[in-house]
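Asks: These are the residues of each chain, in order.
Protein chains: 2
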Amino acid sequence: MSRPLWIVIPFKFSDCKSRLADCLSPSERMGLAMAMLQDVLEAVAGRGRITIISRPGFLAQGWGGGAEVRISDLDLNEALNEMIGEQAKGWAEDMLIVMADLALLQPEDIDAISAIPGDVVLAPGRGGGTNMILMRSPAFRTCYRGISFPKHQKMALDLGLTAGYFYSYRAGCDIDEPSDLVELVLHGRGRSACLAREMKLVDI
Amino acid sequence: MSRPLWIVIPFKFSDCKSRLADCLSPSERMGLAMAMLQDVLEAVAGRGRITIISRPGFLAQGWGGGAEVRISDLDLNEALNEMIGEQAKGWAEDMLIVMADLALLQPEDIDAISAIPGDVVLAPGRGGGTNMILMRSPAFRTCYRGISFPKHQKMALDLGLTAGYFYSYRAGCDIDEPSDLVELVLHGRGRSACLAREMKLVDI
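Respectively, the protein sequence lines represent chains A and B.
Going by the working numbering, the first residue of the first sequence is number 1, and it counts up by one from there.
Going by the working numbering, the first residue of the second sequence is number 1, and it counts up by one from there.
Hint data in this document are derived by calculation from the structure and do not stem from the laboratory.
There may be inaccurate statements among the hints.
In this list, chains with the same sequence are indistinguishable; a pair is considered to hold if it fits within one copy or across any two.
Dumping the calculated DSBU-like pairs for lysine-lysine here, alpha-carbon to alpha-carbon at most 35 angstroms [said to hold, decoys possible]: (1) K12 with K89; (2) K200 with K89; (3) K200 with K154; (4) K89 with K154.
Keep in mind the model is a prediction, meaning the values are calculated, not measured.
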């Protein structure tokens, strides 16, 4: 019997998607980031309680789907690990961290990662990142920044936690750099893909 | 009742992996390309008849697993489409094209693509490529080069063939550019991953 899911989506909105600055204006980047967040919210809808975590200044209303918004001054890992710590007492829900730029994500991907056994399940992102983390233990802590995947593997190992892996094309695809935009245009089905096609971001 | 599989692996051996020239010598590139081909051969072993297609000069012996080697002067699409044409009379086997640099590929990925319905099943590669194509119809023709995925989609549509899609992290990961090497080092389990780790190609 699996516990209900608490889905946590970190969203960086100030100077968001800065690595796309060469091909998009600041307002275009913001528009694309918001559209991707909406696509992610649609993918996770109905799969559990949803919290968007962002920084002061982020608009807390109007996200639909009953998503709660939590504002924090802390950096990404501190904010996430604070939430894990609060949740630790009782651990009534498993926790699923989902990056806000997984524009290809589909509901079946949430079901698929949920079906993989392990105290922690890691979904790799292209380039060494960790695009989703499912935690079934209160002991785990995130160590994002840089090539985080082996850090998360080591964290699980050091804590004596069993690790599962969710290798997924869609979950592995975070839209960060200009070369990622072709993924969005070719394989996306949501509003961010429509936006990218309308903006003719990729010449195909 | 599905037909047996004919697995065709195109392998470019002259000036292979040229986009890795900035970080690998010609002989290192050749060694890595050969190791990846061996990993792919292991992933497809036992799943059907295997043919490696390459250019004049490629060593035809010693590939193990009963793989046949076919040498052709034609370019990639001409060579593949010639083989499809020969196979068309009778179509006793379905045809699965597998790129030789899918270093993360596992046997279960071959089973997974085989389970997807469609006259043709396309496995996208990162950046718009098509890393595997399963053909259950003699009508299809390949159109590799550049962003081939939408070309293959259009080909299926124009021919009135149903298309299935196999979205897979491992099958989507062809090792072409320096930025792909981190995938091999972090997620590979075969001899090419060992080689990449020994060569310390990525600083993690």
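Asks: So, for every hint listed, does it hold in this structure?
Replies: Each hint tested on the structure:
Only within a single protomer do K12 and K89 lie at most 35 angstroms apart by alpha-carbon distance; the minimum there is 28 angstroms, versus 57 angstroms between protomers. Neither within a single protomer nor between protomers do K200 and K89 lie at most 35 angstroms apart by alpha-carbon distance, with minima of 49 angstroms and 43 angstroms respectively. Only between protomers do K200 and K154 lie at most 35 angstroms apart by alpha-carbon distance; the minimum there is 19 angstroms, versus 41 angstroms within a single protomer. In this assembly of identical chains, the alpha carbons of K89 and K154 lie at most 35 angstroms apart only when taken from the same copy (24 angstroms versus 54 angstroms across copies).
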